[in-house]
Structures are given as C-alpha cells and as structure tokens.
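Q: For reference, the chains in residue letters:
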Amino acid sequence: MVATLERVDAVRSAPAGGRSRSRARHRLTVLAFLAPAILGFALFFGYPLVATVWFSFTKYDLINPPEWVGWENYAYMFSDKLFRVAVYNTLWFVVVLTVARVVFALGVASVIARLKSGVGLVRTLCYLPSLAPPVAATLVFFLVMRPNEGPLDSLLGWFGIEGPLWFADPVWAKPGIAAVMLWVSGDLMIIILAAVLDVPQEQYEAASLDGAGPVRRWWHVTLPTISPVLAFGVVNSIILALQLFTQAVVAGSAASGSADVTGSTKVLGFPENSTLTFPVWLYTQGFRYFDMGYAAAMATVLFVISFAATALLVWRMRRASHQEEGG
Amino acid sequence: MRRLHRAALLFVAAAMPLTACAAGSGGTGQAGPAAAPGQGDAFTLTVWSNYSGREQDEVTKALESFKEKFPNADIRHEGSQDDDKITAGIRGGNPPDVAMSFTTDNIGQFCSSGSFQQLKPYVDRDGVDLGQIPDAVRSYTEYKGNRCAMPLLSDVYGLYYNKDMLAEAGLTAPPRTTAELLDFAKRTTKKAADGTIEVAGFLPTMLFYANRPPIWAPNFGAKWETPDGRSGLASPEWAAMLEFQKELVDFYGHENLERFRAGLGQEYSTDHAFHQKKIAMMIDGEYRTAFLRDQAPDVRFGTAPFPTIRPDLYGIGFTTGTIMGIPKGAKNPGAAWELIKHLSFDTGTIVDLANGIKNIPSTKAALADPRLEVDENFRTFIDLAVSGKLQGNPVTPIGDAHIKAIGDFATSWQAGKVPDLMAGLAEVDRQIDDQVAKSGK
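Listed in order, the protein sequences are those of chains A and B.
So that you can map any letter, position 22 of the first sequence is 24 in my numbering, and since no number is skipped, the others follow by simple counting.
So that you can map any letter, position 2 of the second sequence is 5 in my numbering, and since no number is skipped, the others follow by simple counting.
Calculated directly from the structure, the hints in this document are not laboratory data.
Using N, Cα and C, we set each Cβ at its ideal position, and we do this for glycine too.
Not one of these hints is a red herring.
Straight line, CA to CA, 20 Å or less: simulated EDC-like cross-link-like pairs of lysine to aspartate or glutamate:
1. B:LYS166 x B:ASP378
2. B:LYS226 x B:ASP437
3. B:LYS72 x B:ASP349
4. B:LYS147 x B:ASP127
5. A:LYS61 x B:ASP87
6. A:LYS83 x B:ASP437
7. B:LYS194 x A:GLU164
8. B:LYS249 x A:GLU274
9. B:LYS444 x A:GLU69
10. B:LYS193 x A:GLU151
11. A:LYS61 x B:ASP436
12. A:LYS83 x B:ASP423
13. A:LYS83 x B:ASP436
14. B:LYS147 x B:ASP231
Derived CB-CB ranges, DEER-like:
15. B:ASN358 x A:TYR76: 50 to 56 Å
16. B:GLY198 x A:GLY109: 36 to 42 Å
17. B:ASP60 x A:ARG116: 57 to 63 Å
18. A:GLY48 x B:ASP60: 42 to 48 Å
19. B:PRO300 x A:PHE46: 50 to 56 Å
20. A:TYR90 x B:GLU183: 41 to 47 Å
21. A:PHE161 x B:GLY443: 55 to 61 Å
Put together the whole structure using the sequences plus the hints.
A: As structure tokens, this is what we get:
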C-alpha cells in the first residue's frame, strides 16, 4: 500500500513531459510482456474464430478453396434430421449433467468438509477419478455396466432387479454417460470443497447463537457464501456438456461392438443416435462427410448458444447476488 | 472493467469448440505424370498406413521388396495413420508420398476433391493393364471414371458357421438361401427356461460386427442407386432385406435379442461371440479365418458364400479392401507411383503379403498363383473373388453418410419404430440425395 502511494506521488511530482514519457514507457513495458500472449491468442484463437465464421458461409471440403454459398449451410440445418437429434441430445446433457454435476460435487464436498478423520484419504479417493483419461473411464463404465456380464448387473440381480441395457439402450445410454461424467467430477468437487472450507467460522458461530441448526446453517450461511463458486460450477458444467464428445464416441463404439475398430469405420451415435451429441455430429459432418462449411456453421451456432446461455446465467446470478446484498 | 474481463472470459470459454473447425487450405492442380526415378537413384519415400503390430511388419516387408527394383530407395513406413490424419497431412502441406486407407468409403472424396492425385496419366504412360484387377475391386478404387487409387489386397465377405452347432441341430450343410438361413438360425438358437437367449443361431442386428448395409446388400440383389444416379433404397430388394432381418428379430424378441447382444464381446477381441460359441453363424470377411486360427483354435468352423434371397444369386458377395494413392502435395510422386505399381501388380509381393496377413490378392494373376496358401475355409473366399460376381462399396462424395442413413433406419426398423417401411426408405433416399446435392459433386 505504501509502495503504491509512493509511486503515485512520484508520478504526480514529475513534470508533464516526463510523466507522459514515463507512462508511454510503462505501457510499452506492459505490452512487451503481454505480446507473446496476445500474439498466441490472435493466432491460435482469434484467427480460427473468424475463419470458422467465414467457413460457415462457404462450401468447403477441407482440400479445395472454400466457395461462398451464403446462408445455405444454416438453412440446411432445418432439413437435417440428425441435427435436431444432436441438439436434443446435447440439451439433455446440458440440463441433466449441469444439475447433477453441481449437486453431486456440492454434496460430496459438504460431506468431506464435515469429516473428522480420514479427510485426506477420502478427498484423494474422490478426486482421483477426474485424472482418468476419458476413454479409459468410459470403457471402465461400459464393462462395469455391461448387461449379463458386468458386476453392476450381477449386483442388481442379487436383489432380483433386471438392470437396464445401459449403453446398448437408447433410453439409458445418455444416463450411462452422465454417470461417467459424475464419476470424473472430482475437479469441481475440490473447487467447491475449498470454497466450503473458506466460509468464515464466525458466521457459523453467529448463526448457531441465533439458534440455527446444521441444515439452516448450510442453507443460510454456506450456500450464499459459496454461490460465486457454484455459479462457476454451473457455467463450467454447461460448457462441458455442450462439448461432450469423447465419452459419447467411446460409449457408442463399445456398445456397437466396434470399440476396437480403427478410425473412421467406428459406429457413431449408437444406439439409434442416442449418443449423437452436437459435437459428434459436427465432427462427422466435417471430417467424415467432408462438409466443413456445414460443420463450421454448426460450430458457430454452438458458439452463439454457449455464449448466450453463459452470459444469461452470469447476469442472472449477479443480479440475484446484488439483490441479496441490497436486501 | 471487471465486466469487460468477465465478458471476455465468457467469450473465450464459449468459443473454444469453434476454434477446432478452422485451419488452412491448399490449392489444387496436377500437371501430367511425374518422371520415374532411375534404377540407381537414391530417394526416400514415406508411406502412411493404418496397419499396426504384426500386420504392419508384414506390409513393411512387402514395401522392402521394392528395393529389388530400386536398391537405393529408402522407405519409411508409419502405421496407425487413419483417413483423418491423411487429410490433415495433405492440408498441412506435409503428406506422405504414398497413403494407404483402410476404408473405401472415402474414395469418392479422395478422387473428387483431388486429395489423391489422378493415376490415369501414369497408367496410360506405363501401359498398365487394369484388366488384371477384378471388376469389383476396380470399382471401389475410382470415382466417376477418375482413377485416384490402386488396391492393396482385398477383403471378401461370406458365411461362417460352427460345424458342431449345426450338427447338433441335425444340419449337415450350410444354408444357401435366406429362407434356409432363417430356418437354420431358429434351429440352432438355444434359449433358457426363462426365454433368455443362450446361443443365437444368427444375429441380424444392423451395425453390429460385420452387419453393415453394404455387406448385406448384394445377397438380396439390393442396389444403392437408381439408373439416373439417385439414391435407390426404396426398392423391393432393400425392403426384402429389412423384412428378413425383422422376421428374425421378432423370432428372438427385440428386447431379448438386445439383452443378449449387449453382453457380447468386441469385434476384434478374443471375446467375439463366434469365438465364444455364442452364435452359430455370422457374416464376416476372410480375415476372420486367421483370427479364429489364432484365438479360438477349438472352434470347428466352416465357410461358404453368404445365403441369397434368390437361388440364382448364390455366389455373390461384398468386397472391399485397402486402397493406395499419391496424396496431393507428395514430394516424390514419380517414385511413389513406382511403389504403388509394384505393390499393385508384382505377383510375388502380393502373394507373400496375402499369405502374411490373410487377405485376398487383388489381381487375377495372384489369385491363381500356386504359392498362395489356401486352406479349405480360405478357399471359399478365393472362389468368391474369382467368380466375377462380387460387388464393391458404393462410391459417393459424402463419405459413409449414406451407409449411416440406412444403417440407422434399419436399427429403428428392427426396433419396431417404423410404421411404413417403403415410406421410411423413401425418406432415407431423400436424406442421401440432399447430402450428395449439398456436396455439389
């Protein structure tokens, strides 16, 4: 704080010309340090972004120069049956996965925060699955949930329950993938746990003195305090769901018996396109059907939806937060 | 300012998927055949294939045989390179000299886009006799008269049957017609007291194992296109194929069949249902003979042409195979063509490679060569290959979009979700025609 005041004073006391030179030098120094990042951002993020929007208005087969086709790719979405299927599947994941992931991570974090012993072990065990590669994690779940053969089916059988076909059933394939995603949500759990542990003890003590029990303390103290972190969890989960690709491809391929088939002969979307997410269909159009113009249009739509959904959510949460502060 | 930062972060997060779509592109153009290297010239050729493990070693051996003609050639073979990587290599301006692709689904795109260079100028210059290659194999290595690829062996599909299981059901010979297949499948199926399937006579589930529409279609006389070049799936032949499948699905019960199927092993694992004696009959390629010999030596099996809907069609079947081309931007196209020509037409090399990886030779001379190791089961596929009745993969500029469309439809049909079969097939035709029209090729 002292250093800051001294620096400001020094600048103020300098003559006008010197101050301006000093500012320019300061800006140049900052810019020089930022330059690699700005350059990388422009090259690997800005350019692809603009190029994708441009490709979305073209016919582009990945090899030959793009041909301008106007809104044709966007219009084609209305007659593409599987586009609607892919949108539905992805929206399903956005809704179900976002709610389930945040609630699950919050639940686990809340339990761990109350543990008296073995905290380190439990925390590690809960976090470890998030380090598993997505392909391996999905294959493990496929084997565990495999009908007739898998341990889950056997376990359910002991209770006289006939388990669903999971990844082989169009109704249960998406919940199966959601289960994989919950298992690997340890990263979010750790973030929420840190937020829960960061809630000031004085607030709990004050609430206790006011007669609040554990549930009311959790509802009125913990939850409002960690709400910004929960908002991050929601945004993070929405984006994760919108980009769901690997797990869907692996689950569909394994269920169709082609998990060990190489490259582009894999069956995507199996069973009955229930695992055909928006990114999977986008990839299929771009890299298997060589219609990169259409794939770019889909990517642009995905971008607009992602941005709009996230912005809306953040705006709503900020508004709610302000209202709470005001009230 | 904080708002601006937050907005920027949101923008970045939301835009992440978008950036995956953008990349560079290159120009086109090919001016005549490149000169062949001199016999004593030293040159390097990079070859990309999707082979791995033992098969990659065998292909490398075949590539090394090229040195008998060009002793100073240095050939670098990189395996596990699929079509996506080949395309990325071409786009990035760093393609191999020779690209080998496992799937003929993409030949339409490779030829029409210029991804693979035209080979006709080389064929004409060197007076290569393409008549050496069986018609069906020729059909899947070109698109609309544009020859941009050559074959490297082929796969032929037929019926596999478990001799013990058939004998147990009192059957001494494999089925020849689809009506017999239906009957044999029912007779060799075993169900538990509660009705669950223990052994399925034959699995009709589309998109599972080799049950793919192009592999089934020839045996029902089903054609992909109408004479005017439009998608022709709304035909009595395709309907007959789907009705045959549905009849068998209904025999098992769809849910019962799905529960059984969901517990079966992966296509190329030792857990494969035929290896595990969980299915009595199946359709598959000749390569399965090698898998069975190595992984399930206790399975007594036989092979035969896949049954047909009409007796006069018997002996027909599907063929596909590995294709080779010179990618656009290849550094040494003249030498690459020499290598491709060697692998496509040198009988000794083809026979050795066919013996090594148990595939079908792709020239008539190699098919008739006495050095070809042929046992009783492999003989079926050789006979099919020389019959002249095989049909290749349907070639389109839209990858496998047409195959996915009919495959998805067949899956829905089998699940009982299609009320009107012909109307449904007509809708699939429309989807395929739309996609082809959109490609503009």
